[in-house]
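Peer 1: Spelled out from the first residue to the last, the chains are:
2 protein chains.
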Amino acid sequence: MKLSKMHLKTLREVPAEAEIPSHILLLRTGMIRKLVSGVYGFMPMGWRSVRKIEEIIRQEMDAAGGEEIHMSAIQPAELWQESGRWEAYGPELWRIKDRNGRDFCLGPTHEEVFTDLIRNDVSSYRQLPVLLYQIQTKYRDEARPRFGLMRSREFIMKDLYSFDADEAGLDISYKAMYDAYDKIFTRCGLTFRPVEADTGAIGGSNSHEFTALSEVGESEIAYCEKCSMAATVERAECVDAKAQDDVDMLPLEEVNTPGTKTIEEVADFLHMDAKETMKALLFVTYDAEGKEDGYVAAFVRGDRDANMIKLVNALGIAEHQIEFADEEKMSAATGCVGGFTGPVGLHDCKIVVDSELPGLKNLCAGACKENYHLKNVNYGRDYKGDIVADIKLLKAGDPCPVCGAPIKHARGIEVGQVFKLGTKYSESMHATYLDENQKEHPLLMGCYGIGVTRTLAAVVEQNHDDNGIIWPMAIAPYHVIVTLVKDNDPVQKEMAEKIYDELEKAGVEVLLDDRKERPGVKFKDADLLGIPVRITVGKLASEGKVEYKLRRDADKEEITAEEAVSRAVEIVNKERRG
Amino acid sequence: MKLSKMHLKTLREVPAEAEIPSHILLLRTGMIRKLVSGVYGFMPMGWRSVRKIEEIIRQEMDAAGGEEIHMSAIQPAELWQESGRWEAYGPELWRIKDRNGRDFCLGPTHEEVFTDLIRNDVSSYRQLPVLLYQIQTKYRDEARPRFGLMRSREFIMKDLYSFDADEAGLDISYKAMYDAYDKIFTRCGLTFRPVEADTGAIGGSNSHEFTALSEVGESEIAYCEKCSMAATVERAECVDAKAQDDVDMLPLEEVNTPGTKTIEEVADFLHMDAKETMKALLFVTYDAEGKEDGYVAAFVRGDRDANMIKLVNALGIAEHQIEFADEEKMSAATGCVGGFTGPVGLHDCKIVVDSELPGLKNLCAGACKENYHLKNVNYGRDYKGDIVADIKLLKAGDPCPVCGAPIKHARGIEVGQVFKLGTKYSESMHATYLDENQKEHPLLMGCYGIGVTRTLAAVVEQNHDDNGIIWPMAIAPYHVIVTLVKDNDPVQKEMAEKIYDELEKAGVEVLLDDRKERPGVKFKDADLLGIPVRITVGKLASEGKVEYKLRRDADKEEITAEEAVSRAVEIVNKERRG
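Protein chains in written order, with the numbering used here: chain A, 11 to 588; chain B, 11 to 588.
Among these hints, one or two may not hold up.
One copy or two, either will do: identical chains are not told apart, so a pair holds if it fits within one copy or between any two.
Computed list of lysine-lysine pairs in DSS-like fashion (alpha-carbon distance at most 30 Å, straight line) [claimed, not checked]:
#1 Lys-449 / Lys-15
#2 Lys-271 / Lys-449
#3 Lys-193 / Lys-418
#4 Lys-503 / Lys-555
#5 Lys-185 / Lys-15
Everything labelled a hint here was simulated from the structure, so no lab data went into it.
With the rest of the complex left out, here is chain A (with noise of 0.2 Å):
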């Protein structure tokens, strides 16, 4: 491709709106265009890439099994309804009417559609496994849409479902596909880890993400690095304190602490450590119509904090069902005092208490009464949770679940996850089999996504420097650049023509920047595209010569323009396929 044929802006200024750097050099080099907040298009570069990204998943769900169909992004809502989503999913499913009225949504993932397809289609253990997947655009209506593409209304994602017979049919499967993830994100240049994720309101029984690291990342992953543990935060499982069952119950005692509206103020005030002491949180929950169904009040150690995620598994609802409680009109209702509260005078509130607390002896928790707490409050004796569980966050430092070495923490961009859904959908949607005995069984079921856009920007939050991006030559746009310094000298001209038809005789996808601009625009469009190999063509065209640069390295070689021309050939055979 001619580059002055082509249709491309870059952009010099950092576009006011994007704060990361994928974000910035996605527009700045003009590979994708924002429409309205969190809908972009691509432009010829980005979609070659978004196009190429594709093709490795296809390849590598092929090879795993699967077999490519395509859905519809619009779903009746019907099926939301049987199984239970169309009230669960919350203000992200983006829900539509047709012209007669009818409900549907815009899929924001395609569990429903795949299990009514099936149960239609399979009725004997003979046609299993089935494992179908679909490379299409999704649909979320995101309250805070950001980062470009990392978190966007409309979006491009692989999701492949697999239907099996038994538990260890779906373990073949899920293993098939966790494995094809791993080459997917490898063949596209990511540097990746596999975690264990929570299973959230989807429900199911088993989940790894495949997280790209970034500090830029929404995710927060605990892992370990004495033994393989590697979990999101919000899954991650943490160990309880050591219960102190020698330790004797001291007689509960009011004191006055006042104004220690904090875990630090009441706890220097009282010359106590954190770990003595008691955290409250509160919230108000809602019903599946978005109406209040009560409050919850939530207590941890107080050095630890609250892990959302495993308090919204707790009380068993969907994340946007809960939210921090108006303390005026739950101090009314519950008897709480803002800083104050503890379990101990609590009314009318459901109470969940954190795993590790009733095996703790004589806390300190507030006493429901402004600039009081008390002190030796102890379970069982002066308070019960309605619900205990972990629901305490993993923090860097604390004890590895598994081993006990001190955990690390990261930050990275979820870019694919795998799931066993177990017979969560096939119930409740009557999909079912026959076995060898003519006898009924629902299907098992697992889900498997990859976002293809988001994936697109991980690859090049991970490989840019300050003058642009650096592609992984296996889903770079193009594979060489051949830069021309001055056009109008007939030389130059004739050599840069002469390797860029090499090039593309030899099946490189190449560019030439044959534009009318100055050499300094051309090398910086070049850097900031970030096409692996640059061939530039300027004054050494009379010897025969030109320089050879790849742009991960900083070294340029001068060299004969055939040899440019064998080793970009070699260069892009080896690494194409990534």
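Let chain A serve as the given structure and place chain B on it in line with the hints.
Peer 2: Structure of chain B alone, referenced to chain A:
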């Protein structure tokens, strides 16, 4: 691919909902699956054929200078308000709201989005022309989705938009697309005809529809076998009857014509030819907000029919803004009398007169009085039109507007359209460029669509017999099917697998029917699926022979396995590109 591993469910029965061959066969082969009315999914084989059509389109668009991009399906209302189509488009535009109540639509087409893109990117004549396209999912909330993929609510379309500096440039872009369409539909194996088309609500100056000839098509074409005239019936010009300049006007005469409500009845009763009468058609129109706007009476010669497209164009409104009037209400307001309406005596309504009526003398028309007609009605003396325009339908047998030979009619499926938009969008949306002298001009645009999924259906409509589909090689889901007659016969099995392996190695896309099914079922499915080449491995295997058959031919041949392989490879390589 081995059929035993494939997700395939063919149907023996004709699905009740399907009326036309392509719909029946695409459902029976299991290539498509209905989700709800007008919404379909594509199963593995159907999706393969769709992707092959996409690839043919992509190759020809690239060859014609197009660059592929990908814009979102959701489009903000603001852009449609700018172009004026938010109100004008009618209920087919699928309007949606996001969680904040902001208006969007699901794009049925992308003129606004591409114009917006280009007005931000292009400033100089040096950047022109620009030809951008996408292959993308489109939405149209059809009142009556039908015939499967022919008229559905979610479908795949290729749309290219061209941007040129002047008419000469637009002519070149238009011609390049016209020629590319010719190649695309030829490669897809369609019998088609490019016909002049109406430019309708989208506006613009010049258009051709590419119509696949088919009795089930919704487009009616008028064409001339003597000259090259071909146009949609809506668009086709009509030759006015010769003006009767030498005939004298006779005195207006009221005659009693009891019970003669139709043209045939009144002509019979008065012993006249229908050509000597005038036909009235009564309508109500609506404004852009859907409020009643007034009444329209349209008049054509008694033997003619009105052409609704010409009528709405003459009125300057959109198709959904007009309906047949409620006679009783219209009568009260305008004085019309059902069955006895003529132009004399009508009041408070817009009168549209077909262009040939002013030239015709002494016509018979309704008297706007129950059971009475008027004889010798003459334009100018007795009535006038608010609008005089060609609003008549060109019928088979009418003279060709170009050469005068009798016109023929045919039906067809509109699979593509090329369209000169001119400055319609660039003016309303201010998409301009500066010429050599820094003078600003609006861009000249064209738009060029192909219904990808509709093309699939059209190919099936033209290529089938009683037993199933007969795929053209270029878009067949697989090229060859190897039918293993007895899957438990080791000699047959070994030979079938050898042939399968050899074909795969030769790059042929091959199916091996290794299912545990009766031979009759396998033969029926092979015919139904329409794979171009069938190699049957049965009893003759012990002699080293197979049965070789092309789906499109009746003949079968018994030849050696080696010859079958080499013949299959030869025909596949010859025909696969289309």
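Peer 1: Next step is simple, just say for each hint if it's right about the structure.
Peer 2: Hints versus structure:
1. Taking the shortest Cα distances, Lys-449 and Lys-15 sit within 30 Å of each other only across copies (23 Å), while inside one copy they are farther apart (64 Å).
2. When the C-alpha separation of Lys-271 and Lys-449 is checked against a cutoff of 30 Å, the pair qualifies neither within a copy, at 62 Å, nor between copies, at 69 Å.
3. In this assembly of identical chains, Lys-193 and Lys-418 lie within 30 Å of each other by CA distance solely inside one copy; the values are 26 Å within and 60 Å between copies.
4. For a Cα distance limit of 30 Å, the shortest separation of Lys-503 from Lys-555 inside one copy, 13 Å, qualifies, whereas the shortest one across copies, 60 Å, does not.
5. Taking the closest pair of Cα atoms, Lys-185 and Lys-15 come within 30 Å of each other only across two copies (19 Å); inside a single copy the shortest separation is 46 Å, beyond that limit.
Hint 2 alone, counting from the list given before, is not met by this structure.
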